[in-house]
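Engineer: Make the full structure from the sequences, and use the hints.
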Amino acid sequence: GQQLNQSPQSMFIQEGEDVSMNCTSSSIFNTWLWYKQDPGEGPVLLIALYKAGELTSNGRLTAQFGITRKDSFLNISASIPSDVGIYFCAGQLPLSGAGSYQLTFGKGTKLSVIP
Amino acid sequence: NAGVTQTPKFRILKIGQSMTLQCTQDMNHNYMYWYRQDPGMGLKLIYYSVGAGITDKGEVPNGYNVSRSTTEDFPLRLELAAPSQTSVYFCASSYRSGGELFFGEGSRLTVL
Numbered sequence: 001g002q003q004l005n006q007s008p009q010s011m012f013i014q015e016g017e018d019v020s021m022n023c024t025s026s027s028i029f030n031t032w033l034w035y036k037q038d039p040g041e042g043p044v045l046l047i048a049l050y051k052a053g054e055l056t057s058n059g060r061l062t063a064q065f066g067i068t069r070k071d072s073f074l075n076i077s078a079s080i081p082s083d084v085g086i087y088f089c090a091g092q093l094p095l096s097g098a099g100s101y102q103l104t105f106g107k108g109t110k111l112s113v114i115p
Numbered sequence: 001n002a003g004v005t006q007t008p009k010f011r012i013l014k015i016g017q018s019m020t021l022q023c024t025q026d027m028n029h030n031y032m033y034w035y036r037q038d039p040g041m042g043l044k045l046i047y048y049s050v051g052a053g054i055t056d057k058g059e060v061p062n063g064y065n066v067s068r069s070t071t072e073d074f075p076l077r078l079e080l081a082a083p084s085q086t087s088v089y090f091c092a093s094s095y096r097s098g099g100e101l102f103f104g105e106g107s108r109l110t111v112l
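The listed protein sequences derive, respectively, from chains A and B. With the first letter of the first sequence counted as 1, position 112 gets the number 112 in my numbering; the numbers rise by one all the way through. With the first letter of the second sequence counted as 1, position 51 gets the number 51 in my numbering; the numbers rise by one all the way through.
Incorrect hints may have been included.
[Said to hold, decoys possible] Calculated lysine-lysine pairs in the DSSO-like style (CA-CA distance at most 27 Å, straight line):
#: 1; chain 1: B; residue 1: Lys9; chain 2: A; residue 2: Lys110
#: 2; chain 1: A; residue 1: Lys51; chain 2: B; residue 2: Lys44
#: 3; chain 1: B; residue 1: Lys9; chain 2: B; residue 2: Lys57
#: 4; chain 1: A; residue 1: Lys70; chain 2: B; residue 2: Lys57
#: 5; chain 1: B; residue 1: Lys9; chain 2: B; residue 2: Lys44
#: 6; chain 1: A; residue 1: Lys70; chain 2: B; residue 2: Lys44
#: 7; chain 1: B; residue 1: Lys44; chain 2: B; residue 2: Lys14
Hints listed in this document are in silico derivations from the structure and should not be mistaken for laboratory results. Just so it is clear, the structure is predicted and the values come from calculations on it, not from any experiment.
Structural biologist: Following this line, the structure appears as structure tokens:
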């Protein structure tokens with residue numbers, strides 16, 4: 001199956017700093033998604049990207065769909081303590097013969113924010 | 001405002017025991033999914049369903065079974081629990097194919 005390489009695995013940053021994380025793949029995806037998982041909770045969608053080259057913002061978050069369709073990055077500006085959590089990238093492709101899509105998830109970036 | 005509800009939240013099983021993880025959603029979503037999350041490994045798709053009466057295998061289906069008799073419910077069955085099935089299990093649903101996934105809070109299962 002498809003593999004996503006997400007980096008970094010973990011980050012410790014000072015409150016107010018900017019954060020950048022990315023995902024790369026050897027496969028082409030037609031959609032890139034970024035999810036955040038708070039401790040003890042399920043992942044929640046942050047940003048969805050549908051076109052190569054697309055740059056989308058959601059408040060302090062900005063994400064881009066790479067031109068090659070094999071990568072994506074997520075930036076968080078001016079980090080705050082509630083940004084703590086695990087961030088997952090996910091690439092989406094159709095599932096064969098089912099009319100549904102499968103998400104391939106990266107292994108996650110664990111973000112810690114030091115007040 | 002329930003969304004996707006999973007039960008139980010925590011469970012300890014002995015090797016060879018069986019159990020069912022329950023999942024129900026009140027958003028009238030056709031698409032439902034079961035994922036497992038292992039530390040540092042992201043989420044892996046176990047089974048999915050595109051509507052009542054239709055289920056299919058995902059990436060890691062061995063040792064699990066599912067059914068989808070109603071739109072709302074998508075239970076996951078473990079027949080002979082093994083230590084390799086120790087994980088956190090997430091149920092999710094979506095309104096349309098390729099749409100946003102809404103996740104439950106997860107069920108932490110330990111097999112000893």
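Engineer: All hints, please: hold or fail.
Structural biologist: Structure-based check of all given hints:
1. For a cut-off of 27 Å, the pair hint linking Lys9 (chain B) to Lys110 (chain A) stands: about 23 Å separates their Cα positions.
2. A hinted pair counts as satisfied when its Cα atoms are at most 27 Å apart, and Lys51 (chain A) with Lys44 (chain B) qualifies at roughly 25 Å.
3. For the suggested pair Lys9 (chain B) and Lys57 (chain B), the alpha carbons sit about 24 Å apart, so the restraint of at most 27 Å is met.
4. With a C-alpha separation of about 25 Å, the suggested pairing of Lys70 (chain A) with Lys57 (chain B) holds against the 27 Å cut-off.
5. This hinted pair checks out: Lys9 (chain B) and Lys44 (chain B) have alpha carbons roughly 19 Å apart, not beyond 27 Å.
6. Taken as a hint, the Lys70 (chain A) and Lys44 (chain B) pair is honoured in the structure, with Cα atoms around 20 Å apart against an allowance of 27 Å.
7. Between Lys44 (chain B) and Lys14 (chain B), the direct Cα distance comes to roughly 23 Å. Compliance with the 27 Å bound is thereby established for this hinted pair.
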